[in-house]
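Peer 1: Here are the chains, one letter per residue:
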Amino acid sequence: MTQGLQFDSQGRLKHFLTIEGLSRRTILEILDTAESFISVGQREIKKVPLLRGKTVVNLFFEASTRTRTTFEIAAKRLSADVINLAISTSSTSKGETLLDTVRNLEAMHTELFVVRHSLAGAAHLIASHVPPHVHIINAGDGAHAHPTQAMLDVFTIRSHKGEFEKLKVAIVGDILHSRVARSQIQALNALGAAEVRVIAPKTLLPTAVERLRVVPYSDMRRGLEDVDVIMMLRLQRERMRGALIPSEQEYFRVYGLTPERLARAKPDAIVMHPGPMNRGLEIDSAVADGSQSVILPQVTNGIAVRMAIMALILGPPAEVRPAARRGTRATA
Amino acid sequence: MSLLVRGGHLVDPANRINGKRDLYIDGRGFVAGVGSAPDDFKPRRVIEADGLVVCPGLVDLRARLREPGLEYKATLESELAAAVAAGITTLCCPPDTNPVIDTPAMAQMIQSRAWRYGLAFIHPLGALTRGLQGQQLTDMESLDEAGCVAFTNALKPITDSLVMRRAMEYAASFDLTVFLHSEDPWLKGVGCCHEGEVGMRLGLPGIPEAAETAGVARDLALIDQTRVRAHFCGLSTARAVQMLGEAQRRGLPVTADVTAHHLHLTEHDLEGFNTQAHVLPPLRSRRDRDALRRALKGGAIGAICSDHQPHEPDAKLAPFSDSEPGISALETLLPLTLKLVDEKLLALPEAVALVTSRPADILGIDAGRLSVGSTADVCVFDPNERWTLTGQAIVSRGHNSPFLGRELKGRATHTIVGGKIVYERER
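Just so you know, the sequences run in chain order Y and B. full-length UniProt numbering puts the last residue of the first sequence at 332; the count rises by one with no breaks. full-length UniProt numbering puts the last residue of the second sequence at 427; the count rises by one with no breaks.
Pulled out of the complex, with its shape left as it was, chain Y reads as follows (with noise of 0.2 Å):
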């Protein structure tokens, strides 16, 4: 079903609403894309003319500068036109319905609508009654995905590591309300990984997580024996109800990333996090500043990866788009 939604009669990406089902294809294809613009922000004038003309809304229910910013970023740097709008999910207790508030924006001739919503099928939802020539990118829905997450951090992953088949991946930490990891878990395994691990308390694992085709532990040393990647998530204590863990104190003593965890990963494991961080509840400030830190090349990573599926959905077709074609991997 999704499927149907995302790409459009002849195949071409349409919006960008989860991970699941999309093929190794695709995720390299805008991997490489994402390859191609690294050197836009690298230059003086640090702009391409592929989104000329064309408006973009940041459209944020729910809170968030990082991904906010890097949208925006991404969306200027293709000269597209952005507007930010922060809109507070009680506004709809004024009594205007979610696809209200959209129809209205829409009827500003805008193009490219970027959604975060605290409610997992709110883009879903916005995609599937947009107008054809409107195109939604999830920028995150409650629990259920945030794939362009995935993609900066598969991103960053092929940038240390290059193949994927061979890696051991864990993802630690609050994975029953994590939308990053749902969609990175998706990523990894359309892209192949050997092995994806997910480390947490029971509490903190949703019911069936192997049906995600993932390896579940509730033992953090064993857990990250010998893994190549260790991905830590922040522990959504705003999205937590009942008791899912005694205290932050406790959490840090048997899930925190210490130096001494990160040694039973293989010498040459990179750490990651979506952020924001909690320094001294998930993760220690020597491992998060360490030199097996990749933290803040996701970030810059998180531009060239937005800009690459942006120009994809939005941008004119492959063949006249000079710079996804220059530096393309073969794909397989």
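Just so you know, these hints were derived from the structure itself, not from any lab. Only a predicted model underlies this, so the values are computations on that prediction, with no experimental measurement involved. All residues carry an ideal CB built from backbone N, CA and C; glycine is no exception. One should not assume that every hint holds.
Taking lysine to any residue and the SDA-like style, the derived pairs with C-alpha atoms no more than 20 Å apart in a straight line are [what the hints assert, rightly or not]:
| no. | chain 1 | residue 1 | chain 2 | residue 2 |
| --- | --- | --- | --- | --- |
| 1 | Y | K54 | Y | I73 |
| 2 | Y | K161 | Y | L296 |
| 3 | Y | K166 | Y | A194 |
| 4 | Y | K202 | B | G191 |
| 5 | Y | K168 | Y | D219 |
| 6 | B | K156 | B | L70 |
| 7 | Y | K202 | B | A210 |
| 8 | Y | K202 | B | L187 |
| 9 | Y | K202 | B | G189 |
| 10 | Y | K202 | B | W186 |
| 11 | B | K420 | B | F41 |
| 12 | Y | K76 | Y | T300 |
| 13 | B | K42 | B | D26 |
| 14 | Y | K202 | B | P208 |
| 15 | Y | K76 | Y | V40 |
| 16 | B | K156 | B | G191 |
| 17 | Y | K54 | Y | H133 |
| 18 | Y | K54 | Y | R103 |
Partner residues are not named here, just some residues of chain B that face chain Y (Cβ under 7 Å, in silico) [unchecked claim]:
| no. | residue |
| --- | --- |
| 19 | E195 |
| 20 | E197 |
| 21 | M200 |
| 22 | L202 |
| 23 | L204 |
| 24 | F273 |
| 25 | L317 |
| 26 | P319 |
| 27 | F320 |
| 28 | S321 |
Given the structure of chain Y, go ahead and fit chain B onto it with the hints provided.
Peer 2: Leaving out everything else, chain B in the frame of chain Y:
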């Protein structure tokens, strides 16, 4: 007007009739004869039913009609018209109207309004607690006098187990039936779908199977204690069905129903955030659905109901967890029940019993059978007619159905209530 329904395949499970018989209805609205004509019977109207099935009018244990209080979703008039178009001649409306059916005046008002339309019969379900607040008991005996056939707190949980015990004890004092939606509200939390593979993948907050297990376990303990006659509404899990069967074997006075959609759909119907499949209790796993089917076949579950909940279109145009649960289901009750015959789970008389005599027996009302002298509530349907559920085809004000666009088999052609033809479809 005297009526002859001629040449149809008469299925009346309560009277063990399953074959070609004529049905004679006298001018006062009662069944005058089955198979052979009563003396001096001269029909003023003949319905030719060759190739059609003639059965008692359907009895639906739970249908929200939205009036009073939610008329923007539907009205008694619109939903009664939908009911008779679907062969349903008797239905129960739960008390979660606005205001709640917790006074005799409200119960009488609904019945008198329904009477005015002269379509299907409505039996209100009275509230177990005032305002469904779960604190003070209602005047159940007075509500019974006013026509309430059973008592329930609808989907509002009675969290205080002592209040629930008192409600059951009080109902048992007058031999009244309580309808239970058993679920532990704490385990349910903010859940909006089955806690399983699909909900987990979609990132939706789940309702674990244990929520129903814990709710049913508490209520069974209280039924054991109070010996109230109890009916479990809309069971959805294999474990709950197993507990029901054990309780019945121990001799507890418990019955149960299942909704027609829970017999056909599973959590997989939520794929793509399909809000039309957003129902409570949630659509569960295939294993659960199969257990519900086995319990239906084995007799532990005694009725199939629609659990009709019509909504305005906007109610479903929201992110899944914000959309309103419920299906507009009157018009799919008959075809979804007949599908179980096509799928060889049930014989036709078994299927018909589950939507006629057996729900009537649960309610203790005189309906769901075509005995000579009983009220002539009749459904005539074409078992082989294939039709597609579309917005145009739905009579109900609510078009919210996961079966929209799907081909169904079996459709009412005539509905007779109290001897009067209240629905007749051009063929």
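Peer 1: Are the hints correct? Go through all of them and say.
Peer 2: Structure-based check of each hint:
1. Y:K54 / Y:I73: holds (14 Å)
2. Y:K161 / Y:L296: Distance ~16 Å between K161 of chain Y and L296 of chain Y Cα, so the pair holds.
3. Y:K166 / Y:A194: Given pair K166 of chain Y, A194 of chain Y holds - Cα atoms ~5 Å apart, limit 20 Å.
4. Y:K202 / B:G191: Judged against 20 Å, a Cα distance of about 18 Å means the pair holds.
5. Y:K168 / Y:D219: Roughly 16 Å between the alpha carbons, so the hint for K168 of chain Y and D219 of chain Y holds.
6. B:K156 / B:L70: holds (17 Å)
7. Y:K202 / B:A210: Roughly 16 Å separates the two Cα atoms, so the pair holds.
8. Y:K202 / B:L187: Distance of about 16 Å is within 20 Å: holds.
9. Y:K202 / B:G189: The given pair, whose Cα atoms are some 18 Å apart, holds under the 20 Å limit.
10. Y:K202 / B:W186: Status holds; Cα separation ~19 Å.
11. B:K420 / B:F41: holds (17 Å)
12. Y:K76 / Y:T300: With a Cα-Cα distance of about 15 Å, the restraint between K76 of chain Y and T300 of chain Y holds, given a limit of 20 Å.
13. B:K42 / B:D26: holds (9 Å)
14. Y:K202 / B:P208: holds (15 Å)
15. Y:K76 / Y:V40: holds (12 Å)
16. B:K156 / B:G191: holds (15 Å)
17. Y:K54 / Y:H133: At roughly 11 Å apart (the allowed maximum being 20 Å), H133 of chain Y and K54 of chain Y satisfy the hint.
18. Y:K54 / Y:R103: Roughly 17 Å between the alpha carbons, so the hint for K54 of chain Y and R103 of chain Y holds.
19. E195: Holds, about 5 Å.
20. E197: holds (5 Å)
21. M200: At 4 Å from the nearest chain Y Cβ, M200 of chain B passes the 7 Å test, so the hint holds.
22. L202: holds (6 Å)
23. L204: Where the cut-off is 7 Å and the nearest Cβ of chain Y is about 5 Å from L204 of chain B, the hint holds.
24. F273: Status holds, d = 4 Å.
25. L317: Holds - the Cβ of L317 of chain B comes within 7 Å of chain Y, reaching about 6 Å at its closest.
26. P319: holds (4 Å)
27. F320: holds (5 Å)
28. S321: holds (6 Å)
Every hint, counting from the list given before, is met by this structure.
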